[in-house]
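Trainee: Listed below are the residues making up each chain.
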Amino acid sequence: MQHPDEKAANSLRQDSAMIACRYCQASTGQIKAGRTKAGSQRYRCKHCNQRYIPERNRRDQPTHTPALAIVPYVGADLPQPVPSQLPGVSQTEILDVTVVYPIVPISSTKDESIGLPTRAFARAEAPVEAVELVYSELKSEVTSRLSVPFAVAGTTDSVSEAAESASTFNRWGWFPEIALLNSFGLLILAWAFVEARAANGSAQLLLWIGLAVMILPVVTRLASVALFRRERIALVLMLGMALYLVKVMHSPIAFTFPDELSHLRNVREILESHRLFQETPVLPVTAFYPGLPTVTSTLSSLSGLSVFSAGLLVIGAARLILFLVLFLLFEQVSGSTRAAGLATVFYMANPNFLYWTAEYAYEPLALPLLIFVLLMVAKKEMANDGTRSGAWTVAALLVLLTVVITHHMTSYILTGLLGAITVLFIIFSRGKRWGPWQLTLAGLVVSFFWLIFVANLTIKYLSPVLGGAIQAFVKMIMEEETSRQLFISSKGPTGASASSTPLWEQLVAIGSVVVIALGLPLGALEIWKRHRSKVFALLLGAIALSYLPVQMLRFTKAGWETANRSSEFLFIGIGFVLALGIIRFWLSHWTGWKSKMVLGVLSVTLFFGGLIAGWPPRARLSRPYIISTGGYLVRPQIVTVSEWMLEYLGPDNRIAASKADAKVMGAHGQYPFTDNGPIKNMFLSDGFGRSERKSLLRRDIRYVVSDRKNVSWDNMIGYYFYNRFTTRSSDLRLIEPQIFGKLEGIEGITRMLDSGDIVIYDVERYLAAYEESGELAKREPTINGTPDTLQDMSAVPGQPRDLSEDSAKSPIAALTPLPGEMMSGATQRSLGTPVPAAGCIRHLAQLSDIHINLTTLWYFIVNGGRQSNCIDWSAP
Amino acid sequence: MKHWLNSPVLILIAGILLLSVVLAAIDPSALRTMLAVPFVLFLPGFGLTVILFERNRLGMPERLLLSVTLSVALTALIGLILHWTPWGLQVTTLWTVLLLGLAVEVAVIIFVRRLRWTDAIHLPANLNFTPRQWVFMSLAALVTITAIQVARAPARQQGFEGYTTLWIQPTAVLHTLRLGVNCEEFETTTYQIQFELNGVVREGPTLELEPGEKWEGVLRLPSDPLIGNPLTVFLYRLDHPAEVYRHVVWWPAAE
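Line order of the protein sequences matches chains V and L.
Heads up: the first sequence begins at -13 in the numbering used here, then just goes up one per residue.
Heads up: the second sequence begins at 32 in the numbering used here, then just goes up one per residue.
Quick caveat, the hints were computed from the structure, so don't treat them as lab data.
Any given hint might turn out to be false.
Claimed, not checked - Cβ pair distances, simulated, as ranges:
1) L:I179 x V:M464: 51 to 57 Å
2) V:P602 x L:L43: 41 to 47 Å
3) V:V234 x L:L49: 24 to 30 Å
4) V:Q264 x L:E241: 34 to 40 Å
5) L:T177 x V:G187: 22 to 28 Å
6) L:E218 x V:G187: 27 to 33 Å
7) V:I413 x L:T177: 53 to 59 Å
8) L:I179 x V:K580: 34 to 40 Å
9) L:L49 x V:M227: 19 to 25 Å
Glycine residues also receive a C-beta, built at the ideal position from the N, C-alpha and C atoms.
Working from the sequences, and respecting the hints, build out all of it.
Mentor: Structure (structure tokens):
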């Protein structure tokens, strides 16, 4: 069934069959005389020799006076211009609400290529709501295309009545109802997260249901024609901010995403030192891009908010900017609020949207600023009133500078895009217009200056990633590299077997790529047919078309990350092109509610596919970060340990730790070292010898933070509590006891803290001795005697309690096992499972110190100085 | 009544006043927060937008976008400039610079652009919600807040384990150690501490700690006999007295 609006549009086309001169009204001797830049056919009348763009056939026009005239208004203050007094505007350009008329281009515009929408019309016998609808649609489109104010003008009293009704008519449409639906979607997601923390299997299903409830109604509504601009913007903003709340609800207590912890350190450094560019050990390059931490620390210090709350607000503001700027850019380029709304929602289907670009990191702030600069350039270059275009440039320049100090890659991409726009402008205008060349130049100079003189570490940081991607791609083409298998996660942190994505998820992810692959050519065709004169439309089209080639990088081991990370940029074009294609080739032909529902389902598929492709399954759902004990909230061990370390050992201690632990400790002011090489080998191999010592010495490490949880090597999920009832046994897997306990009993290594899963060793003395002598094992222990009692342990004045006083009252005397049993028990407890070689530990503990050290000496001689773990001790 | 409900200016002013009074009564720092957030994330950019763009040139979405974006940009750039000054990014410096910046913007708006705030702000005449839509919007806000509260709720204890941290650390005083126990268990727990040196075990204090409670003690050790020998401290839970729950080992510094 054809939509009434489409019927009206068809009648328009039929009406244009007969041509009559607009000046002498002659219907004969009308010949074609080229086209306008907008593509409209121009005619010349042989009788009066006037050139004109034909008005529509008015055979069916009623004879009464038009009830409402809507014209683009060029001039100063509002309102009531008489259409005939406007240059280039005749009465025929008035939109009569009782019949359907096209809006023809106005010759007074500076850039005729922009043209006016030909899609805006009202239905025959339209009620006043439709009048308002047309008014709204025209206003947004005309304003966005021509950047001129828009006013209602007319010739009868009914004009003022209609205008008045337009101003009071409710423009929110179904927004409140959909907002309520969206909030229920959020509630379902909150439930999903609660279930996930309790390790209930229903959480995954609830996640998908909640997301579908949020996306489906918005897309369905945005696909409709009869929406006001206000409602479209409100819907887009609501969906975008609700999806940001999903990330907030995922980690509602603290920053737990790996990159967030690196940036958290930057903010804390600024708050403490009041200076930028402080050293950040875990991700050093972030310190040289202080845009995000500067804003956050300013907000935190002025408002008194915690860094976490201030960070959420800053990223929330960035998300608000992102959705608004995307909508306005798409609207500016396409001239359609409908396309803008759909394109913005399609952008949200990018694989990194839900979590990656919503986390507290520099790119999520820089990305909206990049699009903002593009919008400012588009506004300036497409403005037709010629007034104050410098304002757009000033705004763009300020934000451009902010992008440069906020994120490296985004600033380079922005400079590249500005360069591309400049080149396109020069080509299109044959050298007459240079587009945003000043901004391009500024971007080049400032980015280069920042890279060379401030953040030269960026080169070292980016070159392996980008170089690796390029090399991998070339090798893949040359068939020298084995392709990476899709949907198979890499090996676990400690060499656990790879896990694959469920079949249905694979199908959805592939389906989403297929939808994009099918939609892009249609959108590209639409751009070519109707928007090829627009530089920005071509640019967005080119960005979109680069999607599929870039996705080839996913098949390479070194390039998949680049492919994944590029999606938040590529989807700016993809969203736009898909929206144009769908509106032109789908919604214009199939307009019923079923069509919109199918579109909604496809959009949900796109979104799901993106999430599946971009975010690992293990990190999609929330994990338990705090446990309630009634009046007190228990946090993960690594958080407590990090806070203890900062409080008692101070900041900037050089430590070796697993990946997740290093992130948390780095955020808490320490200087952690972690890697996939020597540090990881030190923790996960069963020996502790020369290479490990050298590794520690070379990095001047003092503390070794040993975590027995395998999952602590996974920096996506290594920060949480783990439920014993969880279905994922891999989350509960522990490092082999003999490996975890290999530093036990080594002379000179102080076991400083024991929290069960985490043990902190102070290796300073041990390494110092090793460094001095070159062979620690050859040193004889110095034993000057053994105390009989600990009674001489006395309290320091002013300290809380005296241990010796308590010892006499201890009820544990009767329970005290033999020293050897105690050690055995301690080991069993701390390692979590029975120790295969517990006997050796007992043996070790029962020996006198001199025995232990002699044994140590002997073993070092046998093993060439390579200290061994406990199991080896029992061998001799 | 309906007109009043639909006037965003009146609603905004009334809301701010009400919130201010409530926050000032409950927590004065919240009032600071409420003032500081727009001061950082909205006002600097809004002032600049009024200066740069002619009135009626921008719609509400455009003005909101420009205000927030330019505020973020100005704050970041001001922070960068302050970094190179002797004062850095201190609270007083930030307040001073941002207030001065805002004052300059207001002066330009009033004396150069000759605009009134009513011209500059240009709020829409009304929100135009019907009573039914107000109900829907209120319900949506309520459900959203509920969802966030549900998501923020801590996990239940089933399936999880609490933990206890035992630590030892030398102090600045020679042969003196600090010893501590942090209870992060889910219930009140009784501990027993023991010390072991050269195979000789001595009992330490018995502790009863509630979740979140910390205990610290100081050990003054005999000097000579400790050289080259470790001190081991064991922590037992009295509900599992046969197993050492935690232990730490301290090696004295080499002479």
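Trainee: I want to verify a distance hint. Is the separation of the beta carbons of L:I179 and V:M464 within 51 to 57 Å?
Mentor: At roughly 52 Å between Cβ atoms, V:M464 and L:I179 fall inside 51 to 57 Å, so the hint holds.
Trainee: Does the Cβ-Cβ separation between V:V234 and L:L49 fall within 24 to 30 Å?
Mentor: Since the Cβ atoms of V:V234 and L:L49 sit about 26 Å apart, the hinted range of 24 to 30 Å holds.
Trainee: Just tell me: holds or violated, for the beta carbon distance of L:T177 and V:G187 against 22 to 28 Å?
Mentor: holds, 24 Å
Trainee: Is the gap between the beta carbons of V:P602 and L:L43 within 41 to 47 Å?
Mentor: With Cβ atoms ~43 Å apart, the hint holds.
Trainee: Would you say the C-beta atoms of L:L49 and V:M227 sit inside 19 to 25 Å of each other?
Mentor: holds, 24 Å
Trainee: Using the beta carbons of L:I179 and V:K580, state whether their distance is inside 34 to 40 Å or not.
Mentor: holds, 35 Å
Trainee: If I claimed the Cβ atoms of L:E218 and V:G187 lie 27 to 33 Å apart, would that claim hold in this structure?
Mentor: holds, 29 Å
Trainee: Evaluate the given range 53 to 59 Å for the C-beta pair formed by V:I413 and L:T177.
Mentor: The hint (53 to 59 Å, Cβ to Cβ) holds, given that V:I413 and L:T177 are roughly 55 Å apart.
Trainee: Given the hint of 34 to 40 Å, is the C-beta distance from V:Q264 to L:E241 inside that range or not?
Mentor: holds, 38 Å
Violated hints for the displayed structure: none, as all numbered hints are satisfied.
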